[in-house]
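S.K.: Given these sequences and hints, build the entire structure.
Be aware that the sequence shown starts at 1, since it is given in UniProt numbering, and climbs by one per residue.
Source of the hints: derived by calculation from the structure; they are not laboratory data. All residues carry an ideal CB built from backbone N, CA and C; glycine is no exception.
Derived SDA-like pairs: lysine to any residue, alpha-carbon spacing no greater than 20 Å straight-line: (1) K131 to S195; (2) K233 to R208; (3) K131 to E196; (4) K71 to H285; (5) K71 to G38; (6) K231 to R189; (7) K71 to A179; (8) K231 to G219; (9) K131 to R111; (10) K131 to D114; (11) K131 to P199; (12) K131 to G50; (13) K131 to P193; (14) K71 to Q40; (15) K233 to A210; (16) K231 to R208.
For each label pair, taking beta carbons as the anchor points, the in silico distance ranges come out as: (17) E196 to E37: 42 to 48 Å; (18) S47 to K231: 35 to 41 Å; (19) G50 to R237: 40 to 46 Å; (20) P35 to I248: 29 to 35 Å; (21) A135 to E37: 37 to 43 Å; (22) P225 to E196: 21 to 27 Å; (23) A150 to I121: 33 to 39 Å; (24) A135 to Q61: 34 to 40 Å; (25) Q61 to G156: 18 to 24 Å; (26) P268 to L197: 35 to 41 Å; (27) Q61 to H33: 14 to 20 Å; (28) F51 to A150: 17 to 23 Å.
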Amino acid sequence: MEKNSAEQLVGTRATHAGFAAAVQPVCEPQIVHTPTEGLQADWVHISVDGFEVPAYVAYPQGAIPPAAGAKAPPVLLVIHEIFGVHEHIADVVRRFAQQGYLAIAPALLLRQGDAASFSSIEALMSQVIRKVPDAQVMRDLDAVVDWAHAQGGDTGRLAVTGFCWGGRVTWLYAAHQPAIRAGVAWYGRLVGPVSELAPQHPVDVVGRLAGPVLGLYAGQDSGIPLDTVDKMKSTLRRGSESARRSEIEVYAEASHAFYADYRPSYHPEAAADAWRRCLAWFERHV
1 MEKNSAEQLV GTRATHAGFA AAVQPVCEPQ IVHTPTEGLQ ADWVHISVDG FEVPAYVAYP
61 QGAIPPAAGA KAPPVLLVIH EIFGVHEHIA DVVRRFAQQG YLAIAPALLL RQGDAASFSS
121 IEALMSQVIR KVPDAQVMRD LDAVVDWAHA QGGDTGRLAV TGFCWGGRVT WLYAAHQPAI
181 RAGVAWYGRL VGPVSELAPQ HPVDVVGRLA GPVLGLYAGQ DSGIPLDTVD KMKSTLRRGS
241 ESARRSEIEV YAEASHAFYA DYRPSYHPEA AADAWRRCLA WFERHV
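M.R.: Right under this line is the structure:
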């Protein structure tokens with residue numbers, strides 16, 4: 001991949017420059033901005049069932065393909081929020097790439113619609129998010145893993161992390177994909193109504209976790225009640241070996257999306273501690 005500027009990287013049909021319209025107001029400037037210096041970063045398209053899934057990819061410059069005798073970088077899937085792969089998620093990909101990962105954020109909603117084009121969360125939820133089948137998401141992520149392996153990434157050291165909607169997907173994918181070594185789920189919903197599109201939720205799949213998951217949650221999250229977090233904790237203790245090795249950290253004073261440094265919900269202390277825990281978790285397990 002050719003090295004591009006951050007401005008060029010955000011100009012694809014997967015996202016728009018800046019941030020998704022539905023997340024307004026946005027705190028400008030973004031608190032953290034990770035440049036592409038020292039990285040290879042670009043958009044790619046990965047074919048899945050005849051559909052071209054765009055994915056934002058970043059990794060240390062020269063790491064792919066690995067030079068003779070060099071160690072291939074571990075592969076890390078970064079799962080976006082309901083707002084798609086906008087600039088914050090692209091920046092998170094670059095943050096992980098700076099840590100030595102081949103980090104990939106596929107745009108997982110586009111079959112149902114362009115999340116960046118919606119001006120309200122209510123419309124986005126009803127017209128896109130609630131129409132996305134979990135099975136479709138799992139197939140897309142499997143194809144992304146295959147693509148990363150073909151590029152020379154080390155899928156023997158495969159990890160997944162995700163935020164909000166992507167936090168829920170992180171739990172599900174850690175139970176779906178046997179190659180997962182570890183996951184970090186940021187404030188992802190744990191329970192919910194069962195439907196044809198969402199036949200199971202994280203609390204239902206802990207017995208199948210391929211690797212341990214670190215859950216990062218907020219004590220002031222009105223959308224994820226603490227009793228559901230407590231239910232997940234007790235379920236993990238009764239689950240598989242990977243489930244029992246999983247952990248959940250709750251930041252009592254933080255609210256939902258506390259890591260999103262472009263939103264008013266950003267909580268600097270919780271975000272910094274959670275990022276430290278996330279990196280340590282992957283270093284330990286991946």
